[in-house]
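Undergrad: Start from the sequences and build out the full structure, keeping to the hints where you can.
Going down the list, the protein sequences come from chains A and B. Quick note on numbering: the first sequence equals residues 369 to 797 in the numbering used here. Quick note on numbering: the second sequence equals residues 785 to 1087 in the numbering used here.
Please keep in mind that the hints were generated in silico from the structure rather than gathered at the bench. One thing to keep in mind: the hints can contain errors.
To be verified - One-sided excerpt, in silico: chain A residues whose CB lies under 7 Å from chain B:
#1 Thr460
#2 Leu477
#3 Val571
#4 Arg626
#5 Leu767
#6 Lys770
To be verified - Per label pair, the in silico range of CB-to-CB distance:
#7 Asp635(A) to Ala930(B): 24 to 32 Å
#8 Asp775(A) to Ala930(B): 22 to 30 Å
#9 Val807(B) to Ser399(A): 50 to 58 Å
#10 Leu900(B) to Pro604(A): 53 to 61 Å
#11 Pro823(B) to Gly407(A): 47 to 55 Å
#12 Phe893(B) to Asp635(A): 36 to 44 Å
#13 Arg618(A) to Ala1071(B): 40 to 48 Å
#14 Gly407(A) to Val807(B): 53 to 61 Å
#15 Lys780(A) to Leu891(B): 53 to 61 Å
#16 Pro659(A) to Leu891(B): 47 to 55 Å
What the hints assert, rightly or not - Calculated from the model, a selection of chain A residues having no Cβ within reach of chain B, i.e. all distances over 12 Å:
#17 Leu559
#18 Gly640
#19 Arg788
All values reported here derive from a predicted model rather than from experimental measurement. Every residue gets a Cβ at the ideal spot worked out from N, C-alpha and C, and that includes glycine.
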Amino acid sequence: MITRRSLLGAAGATGVALVGGCAREPEIDRSLEPPAAPGDSGAITFQIWDKAQEPAMQQIIDAFHEQYPDIDVTMSSAAFASYFERLRIQATGDDLPDVFWINGPNFELYASYGMLQDLSGLEGFDPANYPENLTELYTYQGSPYAIPKDFDTIALWYNRDLLHRAGVDEPTGSWSWEEYRDASETVTRALGGEQIWGNPGGVANQAYIYPLIMQAGGFVLDEGKEGKAVSGYDSPGAIEAFSFLDGMIRDGIAPDVRYTAENVPSDLFNSGRAALLQSGNWEAAQLQDSPVREHLGVAPLIHGSEEANVIHGIGYAMSARSRNKPAASAFLAFLGSEEAHRIQAEAGAANPAFVGTNDAYIEAIPEFSLDVFVEAAETARPYPASQNTSAWLQLEELLFPKILSGDGELEKNAADLAMRMNGVLADES
Amino acid sequence: MNHDPAPLTRRRRRGRDGLWPLVFLAPLMIGVVAFYFWPILATVLNSFASFDPFGGRSFAGLENYRTLLGDSFIPRAVLNTAVYTAIVLLGIPIALVVASLLTQKGLRFSRFYQVLFFLPAVSMPVAVALVWRMIFNQEFGVVNWALSVIGIQGPYWVTAPWWSLLAVSVVGLWSSLPLAVIILSAGLQGVPPELYEAAQLDGAGALKQFRSVTVPLLTPSIFFLMIITAINGFQLFDLLFAMMGQANPAMADTQSLVYLFYSEAFRQNDQGYASVIALLILLIIGAFTLLQFQAQKRWVHYD
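TA: Structure, rendered in structure tokens:
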């Protein structure tokens, strides 16, 4: 019989269960079991965010199936815009896919909260096979937690035709900041009447602002006192880089940020309205179809008082709570193999991370000399990331344009960004 | 035998009804409690908590409230939200004029005009925002083209501070018109024609009739619209988000309160502080609505 007391008791118990359910389970099996043997059966899930890379990933799964015919891999892809929102919900609900893509800004968050499998003992995975600055990105407290999939570095894309019309020689090696500014100025002055810019400006972080800050001897993120990271946006190098960009906007050489908010820099370059574009190899896929593609070339990145490039790449990770670790290990090891990297390279899907397989990618898009990007990887610096990177990325999104808005308060706005970012960094555990 | 029969009857009736009234209320009450009361209560509780990105929670005392007091984005966001709401409220007098024109006797194509004025209500907000973004484009937009015809160089509507808030507010006003026009048209049709006849006999012209007959009789509808429009105004988010886009130098100075809430909850992974912002929005809307209810005694006619 239901009495008030039993009802209350039941409600209380539910409450306790709810609270208990919210608390983190202390014990999960962190050990990495040996990978499945070719004859073993199993079923795993695999999640990615790029629809365009789905065919290449499917080819890799098919190749995996030839070795492991009884392991079923179910691939799903979610749009990048909501991918990490979704991944966070999956992690909260203990429902992560067995194997999934991760990126630099989100890696440490998942690794530090014990969501990712430590891959130190994974058979068939040797970090030495990938560029060191890339494996560093996916190392947490000395152990690898993801396998590099591909990488992007930055270089200077240029439009030969526009440079020639303005009387500028195309870059053969790395330009200095001054040469870059002068070339931009010459083109803008010569062709500005046709609404053509020397460089299309913008506030891209990885492709434009990070490398410039590092080239000026500054930093984005550095180890501070007590192990907390600190922001470098108020460092002299950062101010120098911001002032360099601000100066070109002030002098009318590059479009101002109000303009580039409505006219995306890569679109300007893509449609032949800008002669230079500092960006990554990811542009190759778009530029292949550009109306001005026959005029395009790539030169090494510009340099300041230092040379500095930034490398970033996607990683393959395994859930620490995967229920089928042997099968997931086998698949992950295969994803990291030379064979898998060659498949994605030949498909032109992405620039592979496995050292020595890049030729296949360069040949897949022969229009451009993409080897510039591969050479840059050797000396590039790791992409700056901390535990809650997405939080300060949003601050960059909000305040980079304001810093370059020409409101006369560049240093104050940069200090504001640094202060807010330090607030985020101080909250990291 | 000196007991009072009345309480007995009452007691017996309650006993006979048993739990049935509660059972019948339950479907509604469960919904209200689960989807309104509980979230508000949870927000209050969460405002005292610190969150990790994967849902873990710990008690943080007044930490989030201290953050609120020290956050320099907040005053500007309050101001932006208030300016937006004020501009959108200007839509009510405009809607009043439009509604009285639409309900004029003998107006040709009145249905067609009604459809035109209702169109914004059935268009998708994000699509609307993207179209307006093009209309306001500095280089190719229709607005600046029109201004250039009369010799004015138009501003960067969407990417310069203040102009951006004005542009978003104008679109917000435009989107709020349909509801206001519909409600006021309905109100106008409820005005007894003999009042106009009486006013005419007393020698009132069209304008005088509008001021002394139409407007006073519509005050309940106007009041209702003011409440609804103000609440919607304080919740500005999607229009702002879609119209401003990425890498916008005006964004830092054009954030609304709900935009800040979104940033904190979904970008900064700080649900505790986001809860405090949500409570602030609730408080502002509550206070403003209360104020309006106090003020209405002076100007709303219910007879």
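Undergrad: When the nearest CB of chain B is found for arginine 626(A), is that gap smaller than 7 Å?
TA: holds (4 Å)
Undergrad: Threonine 460(A) was flagged as interface toward chain B. Is the shortest Cβ-Cβ separation under 7 Å?
TA: At 4 Å from the nearest chain B Cβ, threonine 460(A) passes the 7 Å test, so the hint holds.
Undergrad: Taking the closest pair, is the beta carbon of glycine 640(A) still more than 12 Å from chain B?
TA: holds (16 Å)
Undergrad: Per the CB criterion, is leucine 477(A) less than 7 Å away from chain B?
TA: Hint holds; leucine 477(A) Cβ to chain B Cβ min 6 Å, cut 7 Å.
Undergrad: Holds or violated: is there a CB of chain B closer than 7 Å to the CB of lysine 770(A)?
TA: At 5 Å from the nearest chain B Cβ, lysine 770(A) passes the 7 Å test, so the hint holds.
Undergrad: Determine whether the non-interface label on arginine 788(A) survives the test: each CB of chain B must be over 12 Å from its CB.
TA: violated (9 Å)
Undergrad: Should the hint that leucine 900(B) and proline 604(A) are 53 to 61 Å apart at their CB atoms be regarded as holding?
TA: holds (59 Å)
Undergrad: Range first: 36 to 44 Å. Now tell me if the beta carbons of phenylalanine 893(B) and aspartate 635(A) are that far apart.
TA: Taking Cβ atoms as reference, phenylalanine 893(B) and aspartate 635(A) lie about 43 Å apart, which means the hint holds.
Undergrad: Taking the beta carbons of glycine 407(A) and valine 807(B), is their distance inside 53 to 61 Å?
TA: holds (60 Å)
Undergrad: Is the gap between the beta carbons of aspartate 775(A) and alanine 930(B) within 22 to 30 Å?
TA: holds (28 Å)
Undergrad: Is it true that the C-beta distance of valine 807(B) to serine 399(A) lies inside 50 to 58 Å, as the hint says?
TA: holds (53 Å)
Undergrad: Range hint 47 to 55 Å: satisfied by the CB atoms of proline 823(B) and glycine 407(A)?
TA: holds (52 Å)
When held up to the earlier numbered hints, the structure conflicts with hint 19 and nothing else.
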